[in-house]
Amino acid sequence: MSDHIVSAFTDELDKLAADILRMGGIVETMILDACSAVNKNDVELAREVVARDPQVDKLEADVERQIVSLIARRQPMAHDLRAVFSALKVVGELERVGDLSKNIAKRAQRLDENVGPSMRKGIYRMASPVSRQLNMVLDAYATGNASAAKAVWEGDDDIDQHYNSLFREMLTYMIEDPRTIGAGAHMLFMAKNLERIGDHCTNIAEFVYFQATGEYLLSTDRPKTPQIDG
Amino acid sequence: METTITESRETLTAGTSMDETQGLTYPRIECKNINVSYGDKQAIFDISLPIPDRSVTALIGPSGCGKSTFLRCLNRMNDTIESCKVTGEIIMDGENINDPDIDPVLLRSRVGMVFQKPNPFPKSIFDNIAYGPRIHGLAETREDLDEMVEKSLRRAGLWEEVKDRLSSPGNSLSGGQQQRLCIARAIAVRPEVILMDEPCSALDPVATARIEELIDELRKRYCIVIVTHSMQQAARVSQRTAFFHLGELVEMGETDQIFTNPRERRTEDYITGRFG
Ligand SMILES: Nc1ncnc2c1ncn2[C@@H]1O[C@H](COP(=O)(O)OP(=O)(O)OP(=O)(O)O)[C@@H](O)[C@H]1O
Ligand SMILES: [Mg+2]
Numbered sequence: 001m002s003d004h005i006v007s008a009f010t011d012e013l014d015k016l017a018a019d020i021l022r023m024g025g026i027v028e029t030m031i032l033d034a035c036s037a038v039n040k041n042d043v044e045l046a047r048e049v050v051a052r053d054p055q056v057d058k059l060e061a062d063v064e065r066q067i068v069s070l071i072a073r074r075q076p077m078a079h080d081l082r083a084v085f086s087a088l089k090v091v092g093e094l095e096r097v098g099d100l101s102k103n104i105a106k107r108a109q110r111l112d113e114n115v116g117p118s119m120r121k122g123i124y125r126m127a128s129p130v131s132r133q134l135n136m137v138l139d140a141y142a143t144g145n146a147s148a149a150k151a152v153w154e155g156d157d158d159i160d161q162h163y164n165s166l167f168r169e170m171l172t173y174m175i176e177d178p179r180t181i182g183a184g185a186h187m188l189f190m191a192k193n194l195e196r197i198g199d200h201c202t203n204i205a206e207f208v209y210f211q212a213t214g215e216y217l218l219s220t221d222r223p224k225t226p227q228i229d230g
Numbered sequence: 001m002e003t004t005i006t007e008s009r010e011t012l013t014a015g016t017s018m019d020e021t022q023g024l025t026y027p028r029i030e031c032k033n034i035n036v037s038y039g040d041k042q043a044i045f046d047i048s049l050p051i052p053d054r055s056v057t058a059l060i061g062p063s064g065c066g067k068s069t070f071l072r073c074l075n076r077m078n079d080t081i082e083s084c085k086v087t088g089e090i091i092m093d094g095e096n097i098n099d100p101d102i103d104p105v106l107l108r109s110r111v112g113m114v115f116q117k118p119n120p121f122p123k124s125i126f127d128n129i130a131y132g133p134r135i136h137g138l139a140e141t142r143e144d145l146d147e148m149v150e151k152s153l154r155r156a157g158l159w160e161e162v163k164d165r166l167s168s169p170g171n172s173l174s175g176g177q178q179q180r181l182c183i184a185r186a187i188a189v190r191p192e193v194i195l196m197d198e199p200c201s202a203l204d205p206v207a208t209a210r211i212e213e214l215i216d217e218l219r220k221r222y223c224i225v226i227v228t229h230s231m232q233q234a235a236r237v238s239q240r241t242a243f244f245h246l247g248e249l250v251e252m253g254e255t256d257q258i259f260t261n262p263r264e265r266r267t268e269d270y271i272t273g274r275f276g
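Residue numbers (full-length UniProt numbering), protein chains in the order written: chain U, 1 to 230; chain G, 1 to 276.
So that you can see chain U by itself, here it is in the shape it has in the complex (with noise of 0.2 Å):
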């Protein structure tokens, strides 16, 4: 797109965008880092995952202002209205998807430490597609790309079925050996939180999306593992 007459408007969406990747940037890596906290038992590491949130809601704050400016000062049309509302969202799903990270990072430090690693490792490998989701909504929302959008949000049917498996898992551990039912809850939380992570990645894709195209995105037409906690 070429740029505004006035050049400030198209600094001020660029900043928007760029503060925007930022905190997707800082939560991506909360996601890892809280599901390798759980994974190696670092506590000091899960601390910091905690410490890292205040970041990420300043940075929403911060961007929530820019955005009520903007709307005040430039009154956004087309394409660039698009722009701002669907900053204004994927901003609040951001938000969230650092809550959950730092809701992980907080049961891993209350883990039992005699956890052991098959179980661990179970919150990790889940880790991984999920943050390979949040990686690739961000990329399509840098380069205002619909159809990579659209791949992400057709995508979280692996994530749900990922989250059934583990939830077998789990389930599994907790009958074999009832001294894993406290850790094992804790699991299954922190499992939950990473399917809730993947339905924020999905709303985002719809944002991008429709500010690429003006169209949205139909969650009926979205396909949908039943998840197995009802």
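Hints were generated in silico from the structure; no laboratory data involved. Glycine included, C-beta positions come from ideal geometry on N, C-alpha and C. Warning: the hint list may mix true and false statements.
Pairwise CB distance ranges, derived in the manner of DEER restraints [as the list claims (entries may be wrong)]: (1) N119(G) x D11(U): 36 to 44 Å; (2) D256(G) x E176(U): 41 to 49 Å; (3) I5(U) x I81(G): 47 to 55 Å.
Residues of chain U placed beyond 12 Å of chain G at every Cβ, according to the derived structure [as the list claims (entries may be wrong)]: (4) V6; (5) P54; (6) D80; (7) L81; (8) R82; (9) S147; (10) D157; (11) G214.
Below, computed lysine to aspartate or glutamate pairings styled on DMTMM-like, alpha-carbon distance capped at 25 Å [unchecked claim]: (12) K89(U) x E95(G); (13) K15(U) x D269(G); (14) K150(U) x E264(G); (15) K32(G) x E95(G).
Based on the hints, put chain G with the ligands in the right spot on chain U.
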């Protein structure tokens, strides 16, 4: 040709179906292949455009793209410009208004016009409004005339402000009041169509809001076409928007669609303030 009209009617119906003004969604005016030249310089290129009734159609586009020229076709105001030549059909009520048999004076009583600069006649407020009904013989008695003046001023949202000073000169009013006086004058002759060429460009935000409120009220009754340079105003007051560029109609659609998701790159560049 016939299919184009049918299609445009369908889109019109689709476009206004959500509106509270039900029923009359057929085009009030059907413009077909309009070309306009000033001497040997062509200003409008083959524009076809249906204009729906009981709604507001906004014409937008960069300066010099032919909005005013096109608007003036709709009441044959271009007749008054020596060098100006108009071809094509403009169908209103089954008649081509460009037909030589059509009396332009009578036509202008059916198609009222409000200009950028308020232009009250150098007469009293009362006479500004009464002038049209008098020359068109719309009022039988003095009472009829009084009633018409009051009704028009009320409809234009000006009555309360001027009812005690009807004999003061029209140009003693503020700019915004004068503009509403001109709108009252335009509607006094019971037009079917009201054309407005940048009616708010000389007004402050409060006066502008009053006019916009009035336009919204008037659209329940009239077919309104407004030229405006304010994208926000077009977005606020109109149901359909047409984008003109270099004398061509680039895109026409529901106002929401034009401002959230225009189909044409030229429209996008213009409304978002980009270099074309
Ligand atoms: N009376 C005239 N004689 C000769 N050329 C004219 C006349 N009126 C308009 N034009 C030309 O026709 C073209 C369209 O002018 P028009 O006034 O319709 O544009 P517009 O879209 O209303 O512009 P603006 O937004 O500045 O009012 C321009 O190139 C203009 O110079
Ligand atoms: Mg003009």
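Consistency of the hints with the structure:
Remark: the range hint 36 to 44 Å for N119(G) to D11(U) is upheld by a beta-carbon distance near 43 Å. Taken as a hint, the range 41 to 49 Å is violated for the pair D256(G) and E176(U), whose Cβ atoms sit roughly 59 Å apart. Between I5(U) and I81(G) the beta carbons are some 32 Å apart, a value that contradicts the proposed interval 47 to 55 Å. Annotated as non-interface, V6(U) brings its C-beta within 12 Å of a C-beta of chain G; the closest such distance is 6 Å.
Every CB of chain G lies more than 12 Å from the CB of P54(U), the least distance being 35 Å, so the non-interface label holds. The Cβ of D80(U) sits about 5 Å from the closest Cβ of chain G, inside the 12 Å cut-off, so the non-interface label is violated. With 12 Å as the threshold on Cβ separation, the claim that L81(U) sits away from chain G is violated: the shortest Cβ distance comes to roughly 6 Å. The Cβ of R82(U) sits about 7 Å from the closest Cβ of chain G, inside the 12 Å cut-off, so the non-interface label is violated.
The Cβ of S147(U) sits about 18 Å from the closest Cβ of chain G, beyond the 12 Å cut-off, so the non-interface label holds. Every beta carbon of chain G lies more than 12 Å from that of D157(U), the smallest distance being close to 28 Å; the non-interface claim holds. Residue-level check failed: G214(U) sits 3 Å from the nearest beta carbon of chain G, not beyond 12 Å. A C-alpha spacing of about 52 Å is found between K89(U) and E95(G), which places the hinted pair above 25 Å, so the restraint is violated.
Only pairs whose Cα atoms come within 25 Å are accepted, and K15(U) paired with D269(G) is accepted, the gap being roughly 20 Å. For the hint linking K150(U) to E264(G), the alpha-carbon distance of about 23 Å falls within 25 Å, and the restraint holds. With a C-alpha separation of about 13 Å, the suggested pair K32(G) and E95(G) falls inside the 25 Å cut-off, and the hint holds.
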